[in-house]
Amino acid sequence: MDHNMQFAPWAAPFFYPAPYKSAMGGRGSGKSHTIARIALLRMMLAFSDPNRIGTNLPYYPALPVKILSGRQFNASLEDSVKAVMRDLIYEFRLMDQFFIGQLQIVHKPTESQCLFHGIDRNISSIRSKEGYHIWWFEEAQFLTQEQMNVVLPTIRTYMVCPITKRRYPPELWCVWNPIDRNGWTWQRFVEYPMAKDVHAHVNYYDNPWLPENLLELADYDKINHPSMYDHVWLGKPNDGDASEQILPYPMVKACVDAWNKRPSEDRLSAYNARTDMGVDVAVGGADKCAAVLRTGPVVRDIKLWNGSLDTDLTARTAVKFMEEQCEMNRVQPWTIYYDASTPMDSAFFNASSPVPFNAINFGSSPGGKDVIWESDVTNDAYFARRNIQMATAVRQRAHRTMKFANGDKGIDPMDCLFINPKIEGLDRTISLLSQPMRFQANTGKWDIDKRGGLKSAKSPDEFDALCLAFADDSDYGLESERTF
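The C-terminal residue of the sequence shown carries number 483 in the numbering used here, and the numbering is unbroken.
Mixed in with the good hints there might be a few duds.
[As the list claims (entries may be wrong)] Here are the computed distance ranges between Cβ atoms for each label pair:
(1) G53 - S351: 55 to 61 Å
(2) E423 - Y204: 26 to 32 Å
(3) N305 - S351: 18 to 24 Å
(4) S340 - D426: 23 to 29 Å
(5) G130 - Y191: 27 to 33 Å
(6) E90 - L213: 16 to 22 Å
[Stated by the list, open to error] DSS-like, lysine-lysine: derived pairs with alpha carbons at most 30 Å apart:
(7) K128 - K457
(8) K252 - K444
(9) K402 - K421
(10) K260 - K235
(11) K457 - K252
(12) K107 - K128
(13) K449 - K402
(14) K408 - K252
(15) K319 - K260
(16) K235 - K402
(17) K421 - K408
Hints are computed from structural coordinates only; laboratory data are not their basis.
Here a beta-carbon is modelled for each residue, glycine too, at the ideal position from N, C-alpha and C.
All chains should be built: construct the whole structure from the sequences, respecting the hints.
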């Protein structure tokens, strides 16, 4: 490699043109240093040899490169990527080639430049930063949807190869350590990636030059602080306070992992277990229609499709999904529950629904208002509205599943929740199911924040559909007899 710079194998795809590049992971992975080295090579036009054209070697036009290095909190440039680039310039004895200014670094022979810009105080100022070919964000885990609504339309300056006339799109680089599953970077690169993304999840064991002291610290945390180790060293998202999340990630994952311990089909039949479907209806925009079909404690499948103003089409799609699942699993459907915010009765009637269909108003009073939920407290006194009641009923099932999976013989699996691991897009579904949080309102009743405290988070369509599928549970207290 040029100038004797060495790279770990994971970095190879980052040398090639791609509109979106993401490097995420834990501490000690060398992400920032690696991307900084690539930035320096781009400024030096290290990939611009015309002999590379038509080969498998990375090639970019031999034109000056403009890089904007943005950072959410840029109070001290000495703590930013500027310091990393400066140190690399000195390490590889390139001082005579670069000018290091207060807010920028310039490669004198090519006139390529890297500008350092903080975005925490005035994101609107980014609109004036046109003409940049690379937008490079360190600590990208702090980027918000609102900020990216400003940034993304500004990334539009192409490079045109003077030899081949090929257009090279501008590039967005994100280097980040995950915080949680609701942030913009996690949603964009993990939950909803695009086909042309270059994305790498790298950790300390992917760094061939990891200092010995960091390896010792990682090994220590692995033994003594496993939760912190997963987050800090393995780059896993912090799944938050289980007391606040309605369905914490480990709890949902346990429901998937326990799939092979689910009740047999014979037992489900013996219990006359309900086969209900919950349908969260979307009429357009970013939200999806979602349907969850369950038999007793068993979530057989989840279906997502684009929302439509044609409610008859939505109903036909949902009914077809239910009929196919019931035929495949040889069970009889019971009831369809759907979100009452979109009138669907006539649509389900027109779709020749084989079962009754009930509209559930998420914002209404709790079901079974006077039924005791627990400790002599009624549903109406415990819950602010129907949606948190339904969500809590699902949480109770998931909590029992964790205990059952850990060998608690006092737990009846019919009271649990088992999620099919073959559901399409399962990882994204698990993340969305763990997004909503609960809180106690001023009245002392439990309420729900389905977006997990982030206004920019996507609506958890699968969560709503799951709660609707188990709507029958929510009318009953924890100790009441009920239909499974």
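We went through each hint and held it up to the structure:
1. G53 - S351: 55 to 61 Å: Holds: the Cβ-Cβ distance is about 59 Å, inside 55 to 61 Å.
2. E423 - Y204: 26 to 32 Å: holds (31 Å)
3. N305 - S351: 18 to 24 Å: holds (22 Å)
4. S340 - D426: 23 to 29 Å: holds (28 Å)
5. G130 - Y191: 27 to 33 Å: Holds - the Cβ-Cβ distance for G130 and Y191, about 29 Å, lies within 27 to 33 Å.
6. E90 - L213: 16 to 22 Å: holds (19 Å)
7. K128 - K457: holds (29 Å)
8. K252 - K444: holds (28 Å)
9. K402 - K421: holds (23 Å)
10. K260 - K235: holds (27 Å)
11. K457 - K252: holds (20 Å)
12. K107 - K128: With Cα atoms ~21 Å apart, K107 and K128 stay inside 30 Å; holds.
13. K449 - K402: holds (25 Å)
14. K408 - K252: Satisfied, since the Cα-Cα distance of roughly 20 Å is no more than 30 Å.
15. K319 - K260: holds (29 Å)
16. K235 - K402: holds (24 Å)
17. K421 - K408: Distance ~27 Å between K421 and K408 Cα, so the pair holds.
Comparing the model with each earlier hint shows no violations; every hint is respected.
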